[in-house]
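Using the sequences plus the hints, can you model the full thing?
Number of protein chains: 2
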Amino acid sequence: MRGRLVPTLAALRPIWLRRCSRTTLTLRTFSNQIIKSPSLLSLDLADSWSSTSKQSHSSSIQENSNNWTAKIIDGKEIAEGIRSRIASEVSRMKELIGQVPGLAVVLVGQRRDSETYVRNKTIASEEVGIKFKMTVFPENCTECEVCNALCRFNEDPSIHGILVQLPLPQHLDEGKILNVISLEKDVDGFHPLNIGNLAMQGMEPLFVPCTPKGCIELLLQSGVEIMGKKAVVIGRSNIVGLPTSLLLQRHHATVTVLHAFTKNPEKIAREADILVSAAGVPNLVRGSWVKPGAVIVDVGTNPIEDWRSEHGYRLIGDVCFKEATRIASAITPVPGGVGPMTVAMLLYNTLESAKRTFNFTC
Amino acid sequence: MRGRLVPTLAALRPIWLRRCSRTTLTLRTFSNQIIKSPSLLSLDLADSWSSTSKQSHSSSIQENSNNWTAKIIDGKEIAEGIRSRIASEVSRMKELIGQVPGLAVVLVGQRRDSETYVRNKTIASEEVGIKFKMTVFPENCTECEVCNALCRFNEDPSIHGILVQLPLPQHLDEGKILNVISLEKDVDGFHPLNIGNLAMQGMEPLFVPCTPKGCIELLLQSGVEIMGKKAVVIGRSNIVGLPTSLLLQRHHATVTVLHAFTKNPEKIAREADILVSAAGVPNLVRGSWVKPGAVIVDVGTNPIEDWRSEHGYRLIGDVCFKEATRIASAITPVPGGVGPMTVAMLLYNTLESAKRTFNFTC
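For the record, the sequence lines run as chains A and B.
For the first sequence, the residue numbers in the working numbering are 371 to 732.
For the second sequence, the residue numbers in the working numbering are 371 to 732.
Simulated from the structure, these hints should not be mistaken for laboratory data.
Some clues are possibly wrong.
Since the list gives no way to pick out one identical chain from another, each pair is judged satisfied if it fits inside one copy or across any two copies.
Cross-link-like lysine-lysine pairs, in silico, DSSO-like; alpha carbons within 30 Å at most [said to hold, decoys possible]: (1) Lys406 <-> Lys546; (2) Lys725 <-> Lys546; (3) Lys725 <-> Lys406; (4) Lys464 <-> Lys446; (5) Lys501 <-> Lys725; (6) Lys725 <-> Lys503.
Please read these numbers as outputs of a predicted model, since none were measured by experiment.
The structure is reproduced here in structure tokens:
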């Protein structure tokens with residue numbers, strides 16, 4: 371390009387697009403792989419800026435009719451498949467080297483949603499043969515008590531993954547507590563070094579945060595192409611919004627992050643081919659926020675009271691499901707969408723950590 | 371919001387906007403401060419999602435006429451002011467504790483643009499009283515030689531900032547080499563931990579990368595409000611595009627990152643209130659890419675041959691300056707825009723590092 375000062379048409383042509391999209395990135399078959407998500411380093415295609423003819427691709431989604439009944443992306447089923455492959459691998463590990471992965475969870479307080487998540491993790495771990503340890507603290511515990519528990523897990527050679535169930539009570543310094551977790555056991559992937567490595571091209575984090583990884587896996591396993599798509603992420607939390615946006619960008623989507631200071635978020639959301647909502651606001655995303663044919667990943671898990679439900683509440687998403695299904699081409703439900711994937715990815719990260727520790731490849 | 375399932379209007383109202391925008395974020399006066407950029411932690415306002423009435427702010431920029439002659443943002447002048455304040459502080463440091471900050475640069479090869487940058491850094495350091503050390507290696511040097519030089523600077527107590535002039539020759543592993551630099555002396559801020567801390571709310575990196583920090587400083591010193599604005603960053607390099615997008619988001623802009631896989635970048639760029647181009651492609655951004663009244667920061671420094679010039683080449687930006695000045699409300703020129711700011715921010719980071727080392731506050 372150097373020396374050619376005025377391009378014929380002021381637009382960029384993604385010249386790598388055709389060459390790579392169906393080979394490197396969206397693997398249609400995956401025999402021995404537990405998940406479809408490729409290694410992040412394999413995604414690091416060089417940005418080759420070009421400025422030839424203007425390209426106005428329509429995504430395959432857009433080319434279709436406007437009258438959708440969205441495909442429901444069954445996170446429960448996809449997660450089940452992943453868990454079953456993890457179970458096989460854990461069993462093989464036990465057989466070959468007499469070891470199993472170990473996961474430790476620290477829970478503070480009695481938030482009912484947190485308790486539900488931890489219960490799910492316990493059951494899921496045990497089902498796949500991962501050893502599970504848990505320490506529970508009362509709401510009014512001290513930072514020091516939590517940190518001591520984490521240090522013990524750091525030193526425990528039978529533990530390969532540690533997580534603190536978030537959110538923590540206000541009086542505890544979340545950042546300080548998470549920093550105590552050994553980087554090698556940070557299966558949640560929330561350590562700033564992990565996030566930095568996730569953000570930077572040419573680097574690979576030890577762990578990709580579970581929920582963002584689950585979102586990408588849902589897309590890949592549903593045959594949604596990410597490269598070149600406009601993706602909008604609603605929310606920028608350290609846990610979901612931020613790493614999801616970084617991961618989508620690493621998969622070569624054009625990403626916009628919406629937050630509470632965004633003006634006219636509805637308009638921006640309506641331009642998304644892939645819309646990920648992680649705002650934690652029930653029914654924030656109405657039908658008018660959705661582009662016809664878009665793929666929606668609803669990360670919201672908002673508990674609302676429901677006396678008919680077993681636990682006195684039920685979870686609903688950020689997306690007004692009824693409206694969105696009439697406009698989107700595919701959508702993850704709540705519950706049964708991202709939630710089960712988060713747990714599956716946690717088990718996957720724990721297994722990967724144990725494999726690294728034991729230098730086990732199978 | 372919990373329990374209120376269907377918001378009256380599907381839009382978010384940035385309720386913090388009015389309260390904070392003119393106080394915390396865009397400081398109109400700054401007496402003793404060297405730069406206007408506030409501490410990143412001070413920017414961490416909680417996202418308070420709301421879904422009341424639809425808000426369709428027009429930025430003050432948009433409200434104006436479409437016939438612009440863009441204000442030229444004079445990076446040279448702004449940088450000069452910053453350097454002069456740094457010089458005062460270095461001089462005070464010398465007077466009070468008999469110490470000065472020290473900066474070390476490693477240069478590999480003979481790229482003429484790299485040589486120019488290093489020359490500028492030498493002159494600028496000496497002018498403000500920062501001690502400057504440099505090690506130059508030939509193009510065909512080994513990774514080991516470069517790493518050894520960096521280790522020596524890591525251990526040198528008179529050095530508070532170390533940088534490797536990028537890009538490095540292809541045969542050298544950039545990531546590996548940059549990782550050798552001690553985190554406390556990484557004044558370029560390229561360490562993944564720094565980038566992770568920049569990305570995450572509630573965290574603060576030891577150093578914000580110089581060019582992105584320079585871009586934000588140019589905007590702040592030119593009275594451009596960032597919060598709530600649509601910002602588009604063209605390019606996603608680890609050095610400029612990525613950290614600039616993270617920094618803009620931390621300042622509560624709604625950020626979209628364009629890259630070579632983006633479809634129809636022209637259309638997306640044209641929606642930006644703040645357009646930052648860091649693609650490294652001369653004249654990529656034509657007039658048709660610019661929203662009337664937008665503010666443009668041109669980070670491109672593309673050398674093109676020019677026999678009339680002293681060094682046989684001159685630098686031009688990513689933006690077609692002539693076309694953009696008729697549409698934008700403000701624009702940084704190349705040269706004389708971001709370039710001088712990068713150097714000023716490097717000196718600033720080096721001074722801050724020395725102040726931390728000596729526990730010096732003035």
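Evaluation of the provided hints:
1. In the homo-oligomer, the alpha carbons of Lys406 and Lys546 lie at most 30 Å apart only across protomers (28 Å), although the nearest pairing inside one protomer, at 33 Å, exceeds that limit.
2. Both within a single protomer and between protomers do Lys725 and Lys546 lie at most 30 Å apart by alpha-carbon distance, with minima of 28 Å and 24 Å respectively.
3. Proximity of Lys725 to Lys406 under the C-alpha cut-off of 30 Å is restricted to the intra-copy arrangement: shortest distance 18 Å within a copy versus 48 Å between copies.
4. Taking CA atoms no more than 30 Å apart as the test, Lys464 paired with Lys446 passes inside one copy only; the shortest distance there is 26 Å, against 65 Å between copies.
5. In this assembly of identical chains, the alpha carbons of Lys501 and Lys725 lie at most 30 Å apart only when taken from the same copy (14 Å versus 48 Å across copies).
6. Taking identical chains as interchangeable, the C-alpha atoms of Lys725 and Lys503 lie at most 30 Å apart only when both belong to the same chain, with a minimum of 19 Å there against 45 Å between chains.
When the structure is compared with the earlier hints, no violation turns up for any of them.
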